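Residues per chain, in single letters:
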Amino acid sequence: MIRTTLRIKSELGLHARAAAKLVKIASRFESDIKLLRLNGDIQVDAKSILGILLLAASKGTELELVIDGKDEEAATEALVELVEDRFGEEQ
Amino acid sequence: MASEEKPQTPTTSVRVLEQVPEQRLKLKLLAGADGLDNKINSPRIQRLGLAFSGYVDYLDDGMVQLVGQTESNYLTTLGRAARQAAIERVFTCNLSCLVITGNLRPPKALLGNCDRFNVPIFQTDVPSSVVIREIPAFLEEQLAPTTTVHGVLMEVFGLGVLLLGPSGIGKSECGLDLILRGHRLVSDDLVVIRKFGADRVLGSGPTDFQFHMELRGLGIIDIKELFGVSVVSPKKILDLAIDLVRWDSGKEYDRLGLEERSYSLLEVPVPLITMPVASGRNLATLVEVAVRIQMLKSQGYSPSSDFFRRLETRLKASSDDVWRV
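Sequences listed follow chains C and W, in order. The first sequence begins at 1 in the numbering used here and counts up by one. The second sequence begins at 1 in the numbering used here and counts up by one.
FYI, nobody ran anything at the bench for these hints, they're computed from the structure. Predicted model only: the values in this text are computed from it and were never measured. Accuracy of the hints is not assured; some may be wrong.
[To be verified] Capping the alpha-carbon separation at 25 Å, the derived lysine to aspartate or glutamate pairs in DMTMM-like fashion look like this:
(1) C/Lys21 x W/Glu252
(2) C/Lys24 x C/Asp85
(3) C/Lys47 x W/Glu260
(4) C/Lys21 x W/Asp248
(5) C/Lys24 x W/Glu260
(6) C/Lys24 x C/Asp68
(7) C/Lys24 x W/Glu312
(8) C/Lys59 x W/Asp306
(9) C/Lys34 x W/Glu312
(10) C/Lys21 x C/Asp32
(11) C/Lys70 x C/Glu84
(12) C/Lys47 x W/Asp243
(13) C/Lys21 x W/Asp208
(14) C/Lys21 x W/Asp254
(15) C/Lys21 x W/Asp306
(16) C/Lys47 x W/Asp248
(17) W/Lys224 x W/Asp248
(18) C/Lys47 x C/Asp85
Chain C extracted, bound-state conformation (with noise of 0.2 Å):
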């Protein structure tokens, strides 16, 4: 299992577009991922964009990535790039 934190870097924080390009990404892999928020108060599947969207992640927002399979060093370098990345839309 990898467990790893990120923050939203991007100005619109976690919205529609980007949500469903971390979903997309995420269903790649066979790993179980969840992301967290507060402590884990809030837990939701990355492959369900519902979840993601109802995560409310604004910019700013900490959250944990928990990653846990086969594929889970690839998916968590996936995801975490992305994040990084703020979603490949801004510069």
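With chain C's structure known, arrange chain W on it following the hints.
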């Protein structure tokens, strides 16, 4: 997705006038029956008035020719020889057919020439103005570009829904499910599409075989016979197309419901939804929901964009408070 077939050229024959519904126009064939296969290629109607008086240059052999009260009265004002000449002059041109209004017996010379030149002549009691309204409207439908598409056309909550997808994916089964929920079948397998006005398409089924459905394991069943007249509908304007595709885990589908796509039929765009099919997904339920969404959208409300508007507000609030109950 299957592409649409090439539209057929809009031509019909005079015979089609025999199918004008009686409540619209009662047409009685008086003479010229051998010309029932003459071609009609325009919905417009011409009056023979000027032609009887000598000006025949613009007579169109693809249009219905009208002999109204005015023309009939004009012919009676002429002497026998002049009337004969006026009529014969008109028949030097190729004519598709004539429609004569009023219930008086038309001049013998007119009927004789109709038989001689194989020009069908129909009589009707109604005034010319009604003929001028009804015949073009009827021919417009007959001459509209048509095409066929492989799919199932249903009427769901009053909307015309075309189910598309490859053979064996379950279009008919989904249709049957919808029938059991009180929706209506328009056509299974072969859907005849006809342009309706400039921006709509009308779907129906092949005459005589319309309300049949093939279900694997059960064969061909007659839906009207089995379920009654209330579960079938002869034709329907298309409001929504749903393309059923096999679920492919490597493929990505619309997860947000914000994509707006359309399926082009006779150059008319019909809103399109791609619906992945997998076990555990009840297609009839999904179709019903898709139709409800379409109904809201057509009234200017989009359920998903409302959700995203609220989400945006929440994202702007940028605080953890939203989660504290």
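Each hint tested on the structure:
For the hint pairing C/Lys21 with W/Glu252, the CA-to-CA distance comes to about 10 Å; that is within 25 Å, so the pair holds. Restraint check: the Cα-Cα separation between C/Lys24 and C/Asp85 comes to about 16 Å, which is no more than 25 Å; the hinted pair holds. Between the alpha carbons of C/Lys47 and W/Glu260 the distance comes to roughly 23 Å, so the proposed pair stays at or under 25 Å and holds. Of the supplied pair hints, the one linking C/Lys21 and W/Asp248 holds, its CA atoms being roughly 18 Å apart against a limit of 25 Å.
Between C/Lys24 and W/Glu260 the CA atoms are separated by roughly 19 Å; this keeps the pair inside 25 Å, and the hint holds. The hinted pair formed by C/Lys24 and C/Asp68 meets the criterion: a straight-line CA distance of about 18 Å does not exceed 25 Å. For the hint pairing C/Lys24 with W/Glu312, the CA-to-CA distance comes to about 21 Å; that is within 25 Å, so the pair holds. In summary, the hint linking C/Lys59 to W/Asp306 is supported, as the alpha carbons are separated by about 21 Å, within the 25 Å threshold.
Of the supplied pair hints, the one linking C/Lys34 and W/Glu312 holds, its CA atoms being roughly 22 Å apart against a limit of 25 Å. Taken as a hint, the C/Lys21 and C/Asp32 pair is honoured in the structure, with Cα atoms around 17 Å apart against an allowance of 25 Å. A C-alpha spacing of about 23 Å is found between C/Lys70 and C/Glu84, which places the hinted pair at or below 25 Å, so the restraint holds. Between C/Lys47 and W/Asp243 the CA atoms are separated by roughly 24 Å; this keeps the pair inside 25 Å, and the hint holds.
For the hint pairing C/Lys21 with W/Asp208, the CA-to-CA distance comes to about 50 Å; that exceeds 25 Å, so the pair is violated. For the given pair, C/Lys21 sits about 11 Å from W/Asp254 by alpha-carbon distance, which is consistent with the 25 Å threshold. Straight-line distance between C-alpha atoms of C/Lys21 and W/Asp306 comes to about 20 Å, which keeps the hinted pair within the 25 Å bound. Using a Cα cut-off of 25 Å, the hinted pair C/Lys47 and W/Asp248 holds, with the two alpha carbons roughly 16 Å apart.
The suggested pairing of W/Lys224 with W/Asp248 is violated, with an alpha-carbon distance near 36 Å, which exceeds 25 Å. Between C/Lys47 and C/Asp85 the alpha-carbon distance is near 19 Å, which keeps this suggested pair within the 25 Å criterion.
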